[in-house]
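Chains as they are written, first to last, in the numbering used here: chain S, 1 to 413; chain F, 1001 to 1413.
One or more hints might be untrue.
Stated by the list, open to error - To spell it out: a stretch of chain F is covered by chain S in this simulated footprint if at least three of its residues, at any positions, have a beta carbon under 8 Å from a beta carbon of chain S; those stretches are: (1) 1102-1113; (2) 1170-1184; (3) 1198-1210; (4) 1286-1297; (5) 1305-1319; (6) 1383-1389; (7) 1401-1409.
It should be emphasised that the hints constitute simulated quantities derived from the structure, not laboratory data. Just so we're clear, the structure is a prediction, and the values are computed from it rather than from any experiment. Glycine included, every Cβ here is placed at the ideal spot set by N, Cα and C.
2 protein chains.
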Amino acid sequence: MNKKNCMVAQSGGPTVAINASLAGVIHGVMVSEIYDTIYGSVNGILGILNDNLLNLNETIRKNTDNLETLKQSPAMYLGSCRFKLPDFMDDDSSYNYIFRQFEKLNIGAFFYIGGNDSMDTVLKLSDYAKRIGSDIRIIGIPKTIDNDLMITDHTPGFGSAAKYVAASLLEIAHDTFIYAVKSVTIVEIMGRDAGWLTAAAALARNEYSNAPHLIYLPETNFDKDKFLNDVRSLLEKQNNIIIAISEGIHDASGSYINAGESQKDSFGHSQLSGAGKALEYLIKDNINVKVRSVEINVLQRCAAHLSSQTDLDEAFAQGETAVTLAKEGITASMVTIQRTSNTPYTVEYGHAEIKNIANEAKRVPREWINEAGNDVLPEMIAYLMPLIQGEPQVTYKNGLPVYMEVSHLSHCR
Amino acid sequence: MNKKNCMVAQSGGPTVAINASLAGVIHGVMVSEIYDTIYGSVNGILGILNDNLLNLNETIRKNTDNLETLKQSPAMYLGSCRFKLPDFMDDDSSYNYIFRQFEKLNIGAFFYIGGNDSMDTVLKLSDYAKRIGSDIRIIGIPKTIDNDLMITDHTPGFGSAAKYVAASLLEIAHDTFIYAVKSVTIVEIMGRDAGWLTAAAALARNEYSNAPHLIYLPETNFDKDKFLNDVRSLLEKQNNIIIAISEGIHDASGSYINAGESQKDSFGHSQLSGAGKALEYLIKDNINVKVRSVEINVLQRCAAHLSSQTDLDEAFAQGETAVTLAKEGITASMVTIQRTSNTPYTVEYGHAEIKNIANEAKRVPREWINEAGNDVLPEMIAYLMPLIQGEPQVTYKNGLPVYMEVSHLSHCR
């Protein structure tokens, strides 16, 4: 009997752990007894539509050093896409093409590693498979630094981003404490609708530093007068204030604080400001104090040299679990992680029907935020702490981390 | 005979290596046979003026673990200041006070770790010591991520910042290459007048990535039309363009590109834009392509978890050298480093008269920049490469790097 093959793709925004899940899938197929070749679709689902496929047995599998390097490399070895499949009731041509490709390559299982939007693709492909009576397993593997997927305890990529944010806040605190003059530093952290990653800034606190001294998440409404009062009353007690904010903070009407009116730069072109800049200038205009804002930016999702080993291991395990699920006949599902104990921290892997996950978002519970809406509570710290533990042994060459080469992404040179 | 004591202080902006020089001074005094106590002046020269002194024998010296942790900790254990001593011909009251303090504490040598402005303080104290016939040795120990001090081959703190910038550029490249759509990413790097640190972005290039594809330093005039042409012609050949720019790029008239006109944010307050944002909007307005800008910001000078071991070792050695120089009777000088060979990389430590260093700035030689002014040449790479080599063994606790606690900086809580 001919062994079936598998296909895997990556989609959405980068994280530090999405290649660890890919490595887990490749390893899972490698040790499975029922699957043969693992194909990689380049640039998400687009690779199938454009016939841009890699044979991962050839590029990765035969060399386990590659597998370990892949596990530690940021962003996506297979590239990504931001592509929303149409509803197949309106237009099933791309579905037709995808499943003909699956058949041609004798695919038994398709794995899609991604966030919320990618799970929409998993849902649609699952529904289509059911409709045409295909037995191809369709399994989603989560990833997002936003940590906003339903049902699963947390998402691969989040723990590493949280570690990077917390370490950066600690380093910014050291940078800030050196001057004996009053100052305010605002640090803007990714997370448009969910404040998980901004909350991780609280992990920077230790025996000698309470920074960040204020934390604002998008789960509560931001009130600029209350904010200015928070800053003023802290400035009476201490010199340096460090504030962590989500990029998605908004007022009671839902308007983002970074909405910004049209602005002109030195070339006379219009600009928009981020939330951090907006608060920097709000303070400048209202309180006589030195103030600056720092946007951590894309490094929080791609600085693989400071990953959480827990995150990488769990991402890898979720890739392997996806293969196991497919072998067991599970389809139309996403791999999940359940926390079975917090001290000691233990988890179990499972799965949930994709229809309960796609297109929903998990936000920080209001009861994990203090009443004033300017800090997080111990429940949040307890939830976050295990996720940033452990450091991978990063290999350096010529002074820089060694990552998996991506020259097959034709646009990389 | 009573042994003399020493005093040390730190000044100017933070770097990752300035505490390594402090550790070197403390160790140098510890193993010297002629010096006893090493006092730390908190917040630079202000600590002497405000009687805010630490006995470093008590807080650091007796525990060598502390010395190693201190060597790896970012920013300043002793805090910093931005304080310019007046000319003593105009007002010698603070000089009077400082030297009375020195006498009271039986100080034989004063070490000041800092950048350009701090060397001005070393010069003034040296001149004053000469004038009053004091035999107290006054020695400057360089540090600055800008690498713009005269005479010395390079400055402590620069190598680590260069390593962080190069690693970040590599990680941003991985983050960028994943999408099969044309895009431009602009990365703004610190360096108002000198482009050394921005040039280090070129170290991110490897076998599979040429990013950054364009590099603009403040040593050449920035021309927006030439810039747009550079971007347009690259976009004809490739999908993703990554551009490194100094925050200090300026046009032929000397006006900073980030000068910016008054802008309004969502609260109606005026804002200024950085060079990265200005170029982002210049491209948006002229070329139909996805574009974003990233400001690496303060992390490039405080992310001690990604230090260069070469940099930390050299910073430590320069601290030790300062003590040796003082013992030999040298004064009115700054410690220097000379590169005696590049392959293999070897250095020697020396000193130079402070009057030849203070208030001067070393810029990137024009012949290390290509003629078009949009890249650096192999001479620059050869100069930079040895400086980012080696990684310290960072200690982690609860998932975060362990740094020297700074609770004596009263404003840190």
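Hints versus structure:
1. 1102-1113: That given contact is violated, which follows from only 0 residues of the segment 1102-1113 of chain F lying within Cβ reach (below 8 Å) of chain S.
2. 1170-1184: n = 10 at 8 Å, threshold three: holds.
3. 1198-1210: Held - the segment 1198-1210 of chain F has 7 residues with a Cβ nearer than 8 Å to chain S, which meets the minimum of three.
4. 1286-1297: holds (count 4)
5. 1305-1319: It holds: at least three residues are needed, and the segment 1305-1319 of chain F offers 3 whose Cβ sits within less than 8 Å of chain S.
6. 1383-1389: holds (count 3)
7. 1401-1409: Check passed, 6 qualifying residues.
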